[in-house]
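Each chain is listed here by its residues.
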Amino acid sequence: MSEIFGFTAACLVGLGLYGLIVHSSALRKILSFNVLGSGIFLLLGVIARRGAAAGLVADPVPQALVITGIVVAFSATALGVALIRRLDEDDEEEGEP
Amino acid sequence: MREFYLLAGVFILLTVAVGLTRVLLGPRGADRMMAAQLLGSGGIAAMLLTAAGLESAAALDVALTFALLAAVAAVAFTKSSGRAARTEED
Amino acid sequence: MSEALDVFTRIAVSLGAMFFLAGTVGLLRFPDTLSRLHALTKADNLGLGLIVLGLLPQVAWPFGALKLVLVWVLVLAASAASSQLVARKVRGGKDRS
Amino acid sequence: MNAVYGLFAGLSALLLVVAGFAVVTRRHFAAVVGFTAFGLLLSLAWVALAAPDVALTEAAVGGGVTGVLLLSASVQMRAKMEVLPSWGVRFIAAVLAAIVTAGLMLVVLMLPDEAPTLAPAAKESLAFTGMGNPATAVLMAYRALDTMLEKVVLLLALVAVWSLGRDHFWGGRPDFDFSTQTSGPLLLLARVLVPVGVLVGIYLFWVGADEPGGAFAGGALIAAMGLLAFFAGVARPPLVGSGWLRWAVVAGIAVFLIVGFGGFWGAGDFLAYPDGLAKPVIVVIEVAMTLSIALTLVLLVVGPPGRRP
Numbered sequence: 261m262s263e264i265f266g267f268t269a270a271c272l273v274g275l276g277l278y279g280l281i282v283h284s285s286a287l288r289k290i291l292s293f294n295v296l297g298s299g300i301f302l303l304l305g306v307i308a309r310r311g312a313a314a315g316l317v318a319d320p321v322p323q324a325l326v327i328t329g330i331v332v333a334f335s336a337t338a339l340g341v342a343l344i345r346r347l348d349e350d351d352e353e354e355g356e357p
Numbered sequence: 258m259r260e261f262y263l264l265a266g267v268f269i270l271l272t273v274a275v276g277l278t279r280v281l282l283g284p285r286g287a288d289r290m291m292a293a294q295l296l297g298s299g300g301i302a303a304m305l306l307t308a309a310g311l312e313s314a315a316a317l318d319v320a321l322t323f324a325l326l327a328a329v330a331a332v333a334f335t336k337s338s339g340r341a342a343r344t345e346e347d
Numbered sequence: 326m327s328e329a330l331d332v333f334t335r336i337a338v339s340l341g342a343m344f345f346l347a348g349t350v351g352l353l354r355f356p357d358t359l360s361r362l363h364a365l366t367k368a369d370n371l372g373l374g375l376i377v378l379g380l381l382p383q384v385a386w387p388f389g390a391l392k393l394v395l396v397w398v399l400v401l402a403a404s405a406a407s408s409q410l411v412a413r414k415v416r417g418g419k420d421r422s
Numbered sequence: 399m400n401a402v403y404g405l406f407a408g409l410s411a412l413l414l415v416v417a418g419f420a421v422v423t424r425r426h427f428a429a430v431v432g433f434t435a436f437g438l439l440l441s442l443a444w445v446a447l448a449a450p451d452v453a454l455t456e457a458a459v460g461g462g463v464t465g466v467l468l469l470s471a472s473v474q475m476r477a478k479m480e481v482l483p484s485w486g487v488r489f490i491a492a493v494l495a496a497i498v499t500a501g502l503m504l505v506v507l508m509l510p511d512e513a514p515t516l517a518p519a520a521k522e523s524l525a526f527t528g529m530g531n532p533a534t535a536v537l538m539a540y541r542a543l544d545t546m547l548e549k550v551v552l553l554l555a556l557v558a559v560w561s562l563g564r565d566h567f568w569g570g571r572p573d574f575d576f577s578t579q580t581s582g583p584l585l586l587l588a589r590v591l592v593p594v595g596v597l598v599g600i601y602l603f604w605v606g607a608d609e610p611g612g613a614f615a616g617g618a619l620i621a622a623m624g625l626l627a628f629f630a631g632v633a634r635p636p637l638v639g640s641g642w643l644r645w646a647v648v649a650g651i652a653v654f655l656i657v658g659f660g661g662f663w664g665a666g667d668f669l670a671y672p673d674g675l676a677k678p679v680i681v682v683i684e685v686a687m688t689l690s691i692a693l694t695l696v697l698l699v700v701g702p703p704g705r706r707p
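Order-wise, the sequence lines are chains A, B, C and D. Numbering follows my numbering, in which position 65 of the first sequence is assigned residue number 325; successive positions increment by one, without gaps. Numbering follows my numbering, in which position 1 of the second sequence is assigned residue number 258; successive positions increment by one, without gaps. Numbering follows my numbering, in which position 77 of the third sequence is assigned residue number 402; successive positions increment by one, without gaps. Numbering follows my numbering, in which position 29 of the fourth sequence is assigned residue number 427; successive positions increment by one, without gaps.
Just chain A, with the same shape it has in the complex (with noise of 0.2 Å):
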């Protein structure tokens, strides 16, 4: 049953590349790359859900992996929202429009 996210994954994959490649700002670029990357987790989290055994209620490897994996992704789009502000600023004293 757990297959039903499987698939949701897969679309939200699609959500987000759709959003990657049509948004011309990076903030939208970035939320579509984080839409992308929870379409990714979640397919991780079905995978971990199918490999239940030994007693437990699924695998907890790839479920760790996910948890790291969202940490890590928190970085890079703090990183990138860095990015956009301080290309912003130097926008703005360029006397950019």
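Wrong hints could be hidden among the right ones.
[To be verified] Have a look at the derived ranges for each label pair, beta carbon to beta carbon:
{"id": "1", "chain 1": "D", "residue 1": "508", "chain 2": "B", "residue 2": "258", "range": "33 to 43 Å"}
{"id": "2", "chain 1": "B", "residue 1": "258", "chain 2": "D", "residue 2": "705", "range": "52 to 62 Å"}
{"id": "3", "chain 1": "A", "residue 1": "350", "chain 2": "D", "residue 2": "643", "range": "23 to 33 Å"}
{"id": "4", "chain 1": "D", "residue 1": "706", "chain 2": "C", "residue 2": "357", "range": "40 to 50 Å"}
{"id": "5", "chain 1": "D", "residue 1": "483", "chain 2": "C", "residue 2": "416", "range": "52 to 62 Å"}
{"id": "6", "chain 1": "C", "residue 1": "329", "chain 2": "D", "residue 2": "492", "range": "54 to 64 Å"}
{"id": "7", "chain 1": "C", "residue 1": "357", "chain 2": "D", "residue 2": "557", "range": "46 to 56 Å"}
No lab work stands behind these hints, which were simulated from the structure alone. A virtual CB, placed ideally from N, CA and C, is assigned to each residue, including glycine.
Got chain A sorted already, so can you dock chains B, C and D onto it with the hints?
Chains B, C and D alone, transformed into the frame defined by chain A:
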């Protein structure tokens, strides 16, 4: 009884998700923020019901985390929606 | 005894769900921001309150119950404070223009 | 069970609608609101997938600190609406995305019936560490090296963010956007919520050994409370140049490394825990990690120094 919890949770989630159209309609930043706030408390309610329905005690902790973060998000939205509105007026 | 409690839970949770429905309808149909705020706070406080009340007899005593009540109190505090902030913002905007 | 099926289907539909909204809408502010709502729904999905640890981390990191970060960025942008490319470009992008989605769906359908799993191996490490929560055992014992390197990634990201500050601001406080105005209700909220939130964060970290929770969820929750304190004006972002801050930020990695090299002497390998002492050693690492994570997340959100020291 477990079925009842889960169905009630899904019902609340779908209801407040319809309210999200306010985010589209606006017109003020405050209206958008209120829709998100409604989704927040609806999500907390759904999480509590899921905790009961799936008999997962840990889901209660997730609901607790939600409750705390809903407040942070609400404050951040109010502060920034005011800013966004002001710059829109400029 | 436990059957009576189950009936109580069903009634309280259903009522709570109704308040969420009412809050959503109000948020979508009420004409101005302040009355929408009124609808929203009803859903927040009463809807969630009734659900917490309904679930209280069903959770582990005492820590589960304590967490449930804590969730409700936190949402109440957050909703009260942010309603104030929203209302001030809306009124402040009107005064200026 | 039909109700579980309903929950899965309902959650999936909502996830897609909200994510679609966040990606497609032209208004930046609405997109960020949508993304925060998406984080909330995602963490419900994690509970449904029997992964409460991930749900907690997603709620605290995805919904909390990422939301505030993106919001502060969207507020600063001068253009409030997105300019989308022509209809044709969007169509081609949609087709491309649909192909990738279809491919992934095929993969989901073709997943082997007998799912490969590392659960038995993780279960073994569970017995060795004396912990009750398999996810924490994997993070701290079975794959501890990954967790340590991930802390290094966080630190590197912070170094990179700080390096984007201007030279004359170096050593000053970060200029966190909306910390200028405060009001009564906000002050009250911060004074009530921040202590409770920090307490819940410590609780999450503490039960993480045996129940869902752990250093990441606890640290992220404490970080969100720090942001709330900045919003209300009851605390200010710290001076970037201060010595205590640097020690606190590297504390997690430092303890990890000390334990790691201590492993050569005590147990014969890098990051090997001595017999019988695994649990106390892990708790010491986790305390330092929670502190470092909370602080690093806050510093990543508030950004590089923006005021003169």
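Results for each hint:
1. Range check, residue 508 of chain D to residue 258 of chain B: about 38 Å between beta-carbon atoms, so the 33 to 43 Å window is met.
2. For residue 258 of chain B paired with residue 705 of chain D, a C-beta distance near 57 Å keeps the hint of 52 to 62 Å intact.
3. The given range of 23 to 33 Å is respected by residue 350 of chain A and residue 643 of chain D, whose C-beta atoms sit roughly 27 Å from each other.
4. About 45 Å separates the C-beta atoms of residue 706 of chain D and residue 357 of chain C, a value consistent with the hinted range of 40 to 50 Å.
5. Look at residue 483 of chain D against residue 416 of chain C: about 41 Å separates their beta carbons, and that is not inside 52 to 62 Å.
6. Remark: the range hint 54 to 64 Å for residue 329 of chain C to residue 492 of chain D is upheld by a beta-carbon distance near 55 Å.
7. The beta-carbon spacing between residue 357 of chain C and residue 557 of chain D, approximately 49 Å, falls within the hinted interval of 46 to 56 Å.
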